[in-house]
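One letter stands for each residue in the lines below.
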Amino acid sequence: MKRDVVVLLTRAPYGRVHVPEGLRAARGVAAGFDRHDVTVAFTEDGAYAARAAVDREALNVPGHVADLREQGGEMVVDAAAMAKRDIAPEEIADDVTVAAGDEVTEMIRDADHTLDF
Amino acid sequence: MIYLIDKPMAGIGLRTAAGDPDARVVLIQDGVLLSPDVDAELYAVARDADVRGVDLPPAVERVSYDALVEMVVDEEVKSFV
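Taken in order, these protein sequences are the chains called A and B. Be aware that the first sequence starts at 22, since it is given in the numbering used here, and climbs by one per residue. Be aware that the second sequence starts at 3, since it is given in the numbering used here, and climbs by one per residue.
Bear in mind the hints are in silico, worked out from the structure with no lab data behind them. Computed from a predicted model, the values in this text were never measured in an experiment. Just to be clear, a hint being listed does not mean it is correct.
Stated by the list, open to error - Cut-off 27 Å, straight-line C-alpha distance, at most; resulting in silico cross-link-like pairs (DSSO-like, lysine-lysine):
{"hint": "1", "chain 1": "A", "residue 1": "Lys105", "chain 2": "B", "residue 2": "Lys9"}
{"hint": "2", "chain 1": "B", "residue 1": "Lys80", "chain 2": "A", "residue 2": "Lys105"}
{"hint": "3", "chain 1": "B", "residue 1": "Lys9", "chain 2": "A", "residue 2": "Lys23"}
{"hint": "4", "chain 1": "B", "residue 1": "Lys9", "chain 2": "B", "residue 2": "Lys80"}
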């Protein structure tokens with residue numbers, strides 16, 4: 022049965038496995054038999070990982086992102102978390118959509134399941 | 003809906019709860035150190051507060067682990083732990 026799953030990335034990139042593992046999990050859920058609807062939300066310090074300047078190769082995530090998008094998964098970044106950390110919209114990678122804080126929290130409330138990393 | 007809130011994810015957790023008129027916020031683990039400004043029923047796990055030597059503000063109701071398990075079984079939960 023198709024589910025609506027939100028994967029929260031809450032940690033800054035590098036030095037820990039949370040961002041790559043979160044994206045790997047999101048890819049796995051999206052590719053599942055039921056083709057769940059998966060949205061990755063970069064929030065809290067995870068907003069730093071949504072920036073274009075981040076070296077994704079070093080994080081070993083390009084494959085995860087490619088598969089996620091191939092399965093129709095989406096990536097959004099929490100504008101409220103960005104504002105709190107002085108991250109400008111222009112800094113965000115092209116494949117990540119900037120979403121208003123209220124939009125992100127509503128997405129979390131309405132999700133069937135949330136996973137956080 | 004029950005919102006389980008620990009300190010590291012308190013930001014996004016409390017923001018998410020704030021948009022839910024039926025929210026019941028439960029502070030757990032280091033979350034008992036918070037004094038959240040949210041318009042919702044507020045609970046804190048008694049044991050987590052006691053071991054940290056935390057005096058909970060009057061607005062926060064103490065709840066035992068057993069009672070929390072009952073709450074979690076009865077109601078949908080969003081975990082920010």
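Status of the hints after comparison with the structure:
For the hint pairing Lys105 (chain A) with Lys9 (chain B), the CA-to-CA distance comes to about 17 Å; that is within 27 Å, so the pair holds. Under the criterion of a C-alpha separation no larger than 27 Å, the hint pairing Lys80 (chain B) with Lys105 (chain A) is consistent with the structure, at around 23 Å. Straight-line distance between C-alpha atoms of Lys9 (chain B) and Lys23 (chain A) comes to about 32 Å, which puts the hinted pair past the 27 Å bound. In summary, the hint linking Lys9 (chain B) to Lys80 (chain B) is supported, as the alpha carbons are separated by about 15 Å, within the 27 Å threshold.
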